Amino acid sequence: DAGVIQSPRHEVTEMGQEVTLRCKPISGHNSLFWYRQTMMRGLELLIYFNNNVPIDDSGMPEDRFSAKMPNASFSTLKIQPSEPRDSAVYFCASRLLAGGSSSYNEQFFGPGTRLTVL
Amino acid sequence: AQSVTQPDIHITVSEGASLELRCNYSYGATPYLFWYVQSPGQGLQLLLKYFSGDTLVQGIKGFEAEFKRSQSSFNLRKPSVHWSDAAEYFCAVVRDSSASKIIFGSGTRLSIRP
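These protein sequence lines are chains A and B, in that order.
For the first sequence, counting from 1, position 103 maps to 103 in my numbering; every step adds exactly one.
For the second sequence, counting from 1, position 90 maps to 90 in my numbering; every step adds exactly one.
Don't take every hint at face value.
What the hints assert, rightly or not - Each computed DSSO-like pair below joins lysine-lysine, with the alpha-carbon atoms no more than 30 Å apart:
1. B/Lys61 x A/Lys68
2. A/Lys24 x B/Lys68
3. B/Lys101 x B/Lys68
4. B/Lys68 x B/Lys49
5. B/Lys61 x B/Lys49
6. B/Lys101 x B/Lys49
7. A/Lys24 x A/Lys78
8. B/Lys61 x A/Lys78
9. B/Lys61 x B/Lys101
10. B/Lys68 x A/Lys68
11. B/Lys101 x A/Lys24
12. A/Lys24 x A/Lys68
13. A/Lys78 x A/Lys68
Stated by the list, open to error - One side of the interface only, derived from the structure: several residues of chain A facing chain B at Cβ under 7 Å:
14. Gly42
15. Tyr48
16. Glu106
17. Pro111
18. Gly112
Simulated from the structure, these hints should not be mistaken for laboratory data.
All values reported here derive from a predicted model rather than from experimental measurement.
Idealized CB from N, CA, C, for every residue including glycine.
Just chain B, same shape as in the assembly (with noise of 0.2 Å):
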């Protein structure tokens, strides 16, 4: 079954620290990948997805995003976080373009130390 892997429950980093959020997927081909960020109190909020082409792709708010075939990974990375940048953050999975469910992890919770 097709699964998402947030190996880290809360991450704290210092403000202008590097970030890199951890995310594992369980599934044979290539699935189409997300990251999401839930700021307190609001809905999910897309910052970067992954269907084909150049493994390493930019979102918004400065993030960026690797895929590793090899590996089934799609980390999440930041040089420097901003306070701002404290959230949740989900990463998820569709199986592929003919598929509607999304697979959300379980999610990510970031923490900013000033």
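This is chain A alone, in the form it adopts within the complex (with noise of 0.2 Å):
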């Protein structure tokens, strides 16, 4: 088992450049989550996926800040254009959603991708 895969590990970019963070989720999983940790802030969710839709996008900081999940193995998080306050680890996480009502399948998180913007 992979587990979750992120690519790049670390990014360094100028600000305004664009950013594009890549998530490939634990096969069979098809829930799908993206957040984003600082120092300031703790780990914050950005948005998620359900079976590939949008559920709830609310924690997605502005409009710079874009994610898609074309099919179910691949998702990107895209910062355009990019600014020195989105520097930060960013995290996907994945998960099997619960077929009944009794349980709930956890979270896999993958190792991160530290981005800084200068």
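Both chains come to you apart, so use the hints to assemble them.
Put into structure tokens, the structure is as follows:
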């Protein structure tokens, strides 16, 4: 089991540039989450998808951020244009939606992408 | 609104000493409760979870947690810590099995004194 795969692991870019973060969820999982982690704000949920459909994007900070999930095995988080305050670690997580009402399948996290915007 | 409180930002314990990390949640019903650990430079890893049944749950790496409904708490414990336990620990809650969003606490950073 490869786990959740994120790329790149580290990204350094200049203010104003477009940044694209990528995530491959665990095979068979049908729910995917994007988080941002900073010292000041902790771990924040940005957006999540169920069955490739965005369900809640209320955590997306502004229009500069967008996320897509074109198929069950791939998602992207794009920042355009990037700003220094976007510097953070971005995590992707996936889980299998529970079929019954008596269980909850936990989220599995990727290793994260450390983004630095200069 | 659902929330999770971890009152201790940073805790230091000596290697071999016992550990208890506090977690309180605010929700009327019995939520689904989790503890995750994040080692430096790594993603979050699930330590244990509670859904129902026995209120003392065992997890990986020798950790356990006890659900106390009367105190709305789900504290994490370990009888004897190892230097490798130094990490950030997050308590988290899900409203019920139909919910997708996990609410994370702010985390407790654990340092181990040699």
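Status of each hint after checking the structure:
no. : hint               : result
1   : B/Lys61 x A/Lys68  : violated (36 Å)
2   : A/Lys24 x B/Lys68  : violated (37 Å)
3   : B/Lys101 x B/Lys68 : holds (23 Å)
4   : B/Lys68 x B/Lys49  : holds (14 Å)
5   : B/Lys61 x B/Lys49  : holds (14 Å)
6   : B/Lys101 x B/Lys49 : holds (15 Å)
7   : A/Lys24 x A/Lys78  : holds (15 Å)
8   : B/Lys61 x A/Lys78  : violated (36 Å)
9   : B/Lys61 x B/Lys101 : holds (26 Å)
10  : B/Lys68 x A/Lys68  : violated (40 Å)
11  : B/Lys101 x A/Lys24 : holds (19 Å)
12  : A/Lys24 x A/Lys68  : holds (12 Å)
13  : A/Lys78 x A/Lys68  : holds (8 Å)
14  : Gly42              : holds (5 Å)
15  : Tyr48              : holds (6 Å)
16  : Glu106             : holds (5 Å)
17  : Pro111             : holds (5 Å)
18  : Gly112             : holds (5 Å)
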